[in-house]
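Going line by line, the protein sequences match chains Z and B. If you're matching positions, the first sequence starts at 92 in our numbering and goes up one per residue. If you're matching positions, the second sequence starts at 59 in our numbering and goes up one per residue.
These are calculated hints, taken from the structure and not from any lab test. Check each hint, because a few of them may be wrong.
[What the hints assert, rightly or not] Okay, derived cross-link-like pairs now, BS3-like style, lysine-lysine, Cα gap no bigger than 27 Å in a straight line: (1) Z:96 / B:98; (2) B:149 / Z:112; (3) B:98 / Z:166; (4) B:77 / B:63; (5) Z:166 / Z:145; (6) B:286 / Z:96; (7) Z:198 / B:106; (8) Z:198 / B:211; (9) Z:193 / B:211; (10) B:77 / Z:166; (11) Z:145 / B:149; (12) B:63 / B:286; (13) B:211 / B:149; (14) B:106 / B:161; (15) B:106 / Z:96; (16) Z:198 / B:316; (17) Z:166 / B:106.
[What the hints assert, rightly or not] Computed spacing ranges between beta-carbons, pair by pair: (18) Z:204 / B:139: 28 to 36 Å; (19) B:316 / Z:96: 33 to 41 Å; (20) B:95 / Z:124: 31 to 39 Å; (21) B:191 / Z:186: 51 to 59 Å.
[Claimed, not checked] Covered, in the sense of this in silico footprint (three residues per stretch, anywhere, with C-beta under 8 Å from a C-beta of chain B), are these stretches of chain Z: (22) 99-106; (23) 126-139; (24) 161-172.
Yeah, the Cβ is synthetic: ideal placement off N, Cα and C, and Gly gets one too.
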Amino acid sequence: MSTMKLEIVTPHGEIFNGDVKSATFPGAEGEFGVLPEHASLVSLLDAGVIEIEKADGGVESIVIDSGYVKVDEEKTLVVVEGAVPIVGENESEIAQAIKEAKELVQKASNSDFAIANVEARVESAAKTRF
Amino acid sequence: MANLKEIKLQINSVKGTQKTTRAMKLVSQAKLKRAEELAKRSRVYAQKLDELVSEIAYEINTSKVGGSDSRFVQADLPVRTVDIIVVTADKGLCGGFNITTLKTTLRMLREYKEKKVAVRLRVVGRKAIDFLKYNGIEMVDEVIGLSASPDYKQAAEFMDKSLMDFAEGKTDRVILIYNGFKNMLTQEQRVLQLLPVDISTVEAKELKSNIEYEPEEQEALLNTLLRKYCEYSMYYGLIDSLAAEHSARMQAMDNATKNASERVNELTIAYNKARQESITTELIEIISGMEALK
Numbered sequence: 092m093s094t095m096k097l098e099i100v101t102p103h104g105e106i107f108n109g110d111v112k113s114a115t116f117p118g119a120e121g122e123f124g125v126l127p128e129h130a131s132l133v134s135l136l137d138a139g140v141i142e143i144e145k146a147d148g149g150v151e152s153i154v155i156d157s158g159y160v161k162v163d164e165e166k167t168l169v170v171v172e173g174a175v176p177i178v179g180e181n182e183s184e185i186a187q188a189i190k191e192a193k194e195l196v197q198k199a200s201n202s203d204f205a206i207a208n209v210e211a212r213v214e215s216a217a218k219t220r221f
Numbered sequence: 059m060a061n062l063k064e065i066k067l068q069i070n071s072v073k074g075t076q077k078t079t080r081a082m083k084l085v086s087q088a089k090l091k092r093a094e095e096l097a098k099r100s101r102v103y104a105q106k107l108d109e110l111v112s113e114i115a116y117e118i119n120t121s122k123v124g125g126s127d128s129r130f131v132q133a134d135l136p137v138r139t140v141d142i143i144v145v146t147a148d149k150g151l152c153g154g155f156n157i158t159t160l161k162t163t164l165r166m167l168r169e170y171k172e173k174k175v176a177v178r179l180r181v182v183g184r185k186a187i188d189f190l191k192y193n194g195i196e197m198v199d200e201v202i203g204l205s206a207s208p209d210y211k212q213a214a215e216f217m218d219k220s221l222m223d224f225a226e227g228k229t230d231r232v233i234l235i236y237n238g239f240k241n242m243l244t245q246e247q248r249v250l251q252l253l254p255v256d257i258s259t260v261e262a263k264e265l266k267s268n269i270e271y272e273p274e275e276q277e278a279l280l281n282t283l284l285r286k287y288c289e290y291s292m293y294y295g296l297i298d299s300l301a302a303e304h305s306a307r308m309q310a311m312d313n314a315t316k317n318a319s320e321r322v323n324e325l326t327i328a329y330n331k332a333r334q335e336s337i338t339t340e341l342i343e344i345i346s347g348m349e350a351l352k
């Protein structure tokens, strides 16, 4: 299966840069997935979770507040305000990341539904890993 | 003897100054490291945002889809009023750092005056505010404290005022002037035109397919994106300026420390000479006294 390049940047640095098989974004008009060779697209992103399927088959979740995504055939570029990757060596680190992610989303979004949605997805993403 | 004492006092005073300048250098060195780190991390974001904006702007410019009539990208706007945003440091003692920016500002003011274009100055940094006030130049907005500790929210708020005025047609161009960090030894005067976004310089990049937009109102998307772009440019300018300020101060203080130690050397030689002189005079007095007694 082919891969595409995915870059996620925030004002505090690069969060993710690598080859991925697919990615799902929380678009302003609904969630959408991107596979390699996707047609050019620019979309506003809302607070939510970006789910990435990496080239090695691993899955990564990154919680973002708001930003933009630009997709073209070879590369997907995500420019966001704030992002918290849900990763960690052990459970306490993951728990810490989840806490940070929740704070980020709560600050960014005033819709309870969006917050609850993100929280639920983050928790389930964390569970599948442990 | 009085001369000796005077020189000694002078030496001590120069040494005191030297201690201060050396401490200031070290402080700037430490702060520079932090500011540079901050700038480095934001640079990636700034670059990517640039990339994003220019690609979209190019697309809009070539295919003339909706949004091309947006004020934000119209390069051939007749210019009647210009917003100039000037960023300097709050503090001095950093060589020509502030004055370079101020000179550029004055030059631009003159140029626009000749062209009969009204200029509104929006100033960040105590040094520029003091200077412009002293010269009786009017400012629309004055901010102190932002250039010493750049804050995204504050920078965005500051920029938003310019954006609003531009969007409403009160101004026709927004320019940002600051002194940026080039490397540890040199600063670079940067004059950026933020609005309208200059898409003529954008590298033409062929896209395989037309860009789709979501939400579909491209204008709204472009406007929020451009707004972000401007806000971030402002913020990045502040960070860059801060890094440059520290590097300029570090250099200025390094020179001051060197000059002080040179001065101490000179004074020490003068002191020794004066001391020898007084000893010689005393000896002559004693010898001549003895001679007189014979």
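Hint-by-hint comparison with the structure:
1. Z:96 / B:98: It holds: about 22 Å lies between the C-alpha atoms, which stays within 27 Å.
2. B:149 / Z:112: Judged against 27 Å, a Cα distance of about 51 Å means the pair is violated.
3. B:98 / Z:166: At roughly 23 Å apart (the allowed maximum being 27 Å), residue 166 (chain Z) and residue 98 (chain B) satisfy the hint.
4. B:77 / B:63: Since the Cα atoms of residue 77 (chain B) and residue 63 (chain B) sit roughly 21 Å apart, the hinted pair holds (cutoff 27 Å).
5. Z:166 / Z:145: Satisfied, since the Cα-Cα distance of roughly 14 Å is no more than 27 Å.
6. B:286 / Z:96: The given pair, whose Cα atoms are some 24 Å apart, holds under the 27 Å limit.
7. Z:198 / B:106: holds (24 Å)
8. Z:198 / B:211: Holds, because 13 Å separates the two Cα atoms, which is no more than 27 Å.
9. Z:193 / B:211: holds (21 Å)
10. B:77 / Z:166: Since the Cα atoms of residue 77 (chain B) and residue 166 (chain Z) sit roughly 54 Å apart, the hinted pair is violated (cutoff 27 Å).
11. Z:145 / B:149: Violated. Residue 145 (chain Z) to residue 149 (chain B) sits at ~49 Å, over the 27 Å cutoff.
12. B:63 / B:286: Between residue 63 (chain B) and residue 286 (chain B) the Cα gap is close to 64 Å, so the pair fails against 27 Å, i.e. violated.
13. B:211 / B:149: Measuring from Cα to Cα gives roughly 22 Å; hence the hint holds.
14. B:106 / B:161: Status violated; Cα separation ~32 Å.
15. B:106 / Z:96: OK: residue 106 (chain B) and residue 96 (chain Z) at ~14 Å, within 27 Å.
16. Z:198 / B:316: violated (50 Å)
17. Z:166 / B:106: Distance of about 12 Å is within 27 Å: holds.
18. Z:204 / B:139: 28 to 36 Å: violated (44 Å)
19. B:316 / Z:96: 33 to 41 Å: violated (50 Å)
20. B:95 / Z:124: 31 to 39 Å: holds (36 Å)
21. B:191 / Z:186: 51 to 59 Å: holds (54 Å)
22. 99-106: Check passed, 6 qualifying residues.
23. 126-139: holds (count 6)
24. 161-172: holds (count 5)
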